[in-house]
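> Sequence:
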Amino acid sequence: SPTLVIAGAGATGIACALAAARQKIPVLLLEKTAQLGGTVTGALIHTLGGFFDDRGDVLNPGLSAELIERLIEASPFTCKRRIGKTWVLNVDPAIYQQVISSWLNEYPTINVCHRTRINHVSINSQRIDAVTVTCDGRSRTLNTQAVIDATGRGDIVRTIDSRLVTEGSALAGLIVQLGGVSLGTLDFPKGLALLRHIRKATENHELPPECATLWLDGGVYPEEIYVKFSLPANNYDHAQMLTVVDQLLAFLQARPGFAKAFISRHGQLGIRDGGRVHGDYTLTEADLKQGRQFDDAVCRAAWPIEHWHPEHGVSLDYFPPGHSYEIPLKALKVGGLNNFFVAGKCFSAEPRAQASARVVGSCWAMGEGLVNAHFGTS
13 SPTLVIAGAG ATGIACALAA ARQKIPVLLL EKTAQLGGTV TGALIHTLGG FFDDRGDVLN
73 PGLSAELIER LIEASPFTCK RRIGKTWVLN VDPAIYQQVI SSWLNEYPTI NVCHRTRINH
133 VSINSQRIDA VTVTCDGRSR TLNTQAVIDA TGRGDIVRTI DSRLVTEGSA LAGLIVQLGG
193 VSLGTLDFPK GLALLRHIRK ATENHELPPE CATLWLDGGV YPEEIYVKFS LPANNYDHAQ
253 MLTVVDQLLA FLQARPGFAK AFISRHGQLG IRDGGRVHGD YTLTEADLKQ GRQFDDAVCR
313 AAWPIEHWHP EHGVSLDYFP PGHSYEIPLK ALKVGGLNNF FVAGKCFSAE PRAQASARVV
373 GSCWAMGEGL VNAHFGTS
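Under my numbering, think of the first position of the sequence shown as 13, with each following residue one higher.
In short, the hints are calculated from the structure, not lab data. Wrong hints could be hidden among the right ones.
PhoX-like mimics (lysine-lysine), calculated; alpha carbons at most 20 Å apart, straight line [to be verified]: (1) K97 / K301; (2) K240 / K202; (3) K202 / K272; (4) K301 / K342; (5) K202 / K212; (6) K240 / K212.
FRET-style restraints, in silico, Cβ to Cβ [said to hold, decoys possible]: (7) G191 / T255: 15 to 23 Å; (8) L207 / N123: 42 to 50 Å; (9) H324 / Q138: 51 to 59 Å; (10) T255 / H209: 44 to 52 Å; (11) N136 / N247: 39 to 47 Å; (12) S137 / L207: 56 to 64 Å; (13) A86 / F274: 22 to 30 Å; (14) G149 / R211: 47 to 55 Å; (15) Q252 / H209: 21 to 29 Å.
All of these numbers come straight from a predicted model, not from anything done at the bench. We put the beta carbon where it would ideally sit given N, CA and C, even for glycine.
Generate the whole structure from the sequences, applying the supplied hints.
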């Protein structure tokens, strides 16, 4: 029978799959890597933004609220946390991966394929009627009910026409987990003093230039810290960054609280903007700031415009108290094809609009809202 094909098993793709399974729609969830969870698990994101409004209330009911409940139930260390003017969910990426894996396993209509490659897309009468993919070295062709590109890069769209994708330029993020750090090491004002010391050491060439803009954040567990680097995505050198991290660790081990510090996990490079697809509508920064509502809205969002400029670094543009905006279905629909959608980081939006809507909570809500809007809720 025709299948809903979803490419990308990150936040958006998983939400799409779960929403479809609850309507008993057969799903093939394609993931190019060996693990589930996308950026959260691969890049080690432990502060999940986009689930809450500025008061700390859940923005979107449904799967988003249920995910929060499951994550809290899975670990006593999962908690809501205030960062500046925003609220995030503090969670171990490994716990997140366990929760979503067991959740998907509850639905026999969801078939997950790892290490996949999309070889061919068959289009007839303004519909994608079949896709040919390679899963674990085996090729298969599937008749499609609909196709959702939730890859974060528009991978299926690029297969059809790369001109439909505008490349992104936002800085990427690299996160490293440190363990063995003494309790209270980052407590105010010690954390800020340590950052100033790192900046000064970078200026004096005691540390490599990649350390100039790094950030240190408390982890999920006691004695844990997350080190966050911001880097250009287009010339990333993994071997060089391993050396940078080792140099930073040696530097920190001479500081109070870090004598027993060690690297517990290296994250993959987290791409904030891997390209945005041209949809039937492009969500604009003006839409966000006006709190625009749409007749075909799939979800609400309220995360500030967190733009990582390639030259000027990060800027945070907060909305007024109580402010939110909507994401429309037409910004998720690929023009000219009736059953082809994009959702998540690669949806149709201006760069600064994408900089707000790309966070994980919005991606969960976007995925569920897309499926419910297209197929109708059961």
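> Between K97 and K301, does the CA-CA distance stay at or below 20 Å?
holds, 17 Å
> Taking 42 to 50 Å as the hint, is the beta-carbon distance of L207 and N123 inside that range?
Since L207 and N123 have Cβ atoms about 47 Å apart, the given range 42 to 50 Å holds.
> Could you check the hint for me, namely that T255 and H209 are 44 to 52 Å apart, CB to CB?
The hinted range 44 to 52 Å is violated for T255 and H209, with Cβ atoms some 21 Å apart.
> Is 15 to 23 Å right for how far apart the beta carbons of G191 and T255 are?
holds, 20 Å
> Between the alpha carbons of K202 and K212, is the straight-line distance 20 Å or under?
holds, 15 Å
> Within a Cα-Cα threshold of 20 Å, do K301 and K342 meet the stated pairing?
Answer holds: K301 to K342 is near 19 Å, not above 20 Å.
> Quick check: does the Cβ-Cβ distance between G149 and R211 fall within 47 to 55 Å?
holds, 48 Å
> Mind checking the hinted window 51 to 59 Å against the Cβ distance between H324 and Q138?
violated, 42 Å
> Taking 39 to 47 Å as the stated bounds, is the beta-carbon spacing between N136 and N247 within them?
Holds, at about 41 Å.
> Can the suggested window of 21 to 29 Å be confirmed for the beta-carbon pair Q252 and H209?
Between Q252 and H209, where Cβ atoms are some 23 Å apart, the hint holds.
> Just to be careful, I want the Cα atoms of K240 and K202 compared with a cutoff of 20 Å; is the pair within it?
This hinted pair holds, its Cα atoms lying about 18 Å apart.
> Does the Cβ distance between S137 and L207 fall inside 56 to 64 Å?
Holds: the Cβ-Cβ distance is about 58 Å, inside 56 to 64 Å.
Checked against the numbered hints above, the structure violates hints 9, 10; every other hint is satisfied.
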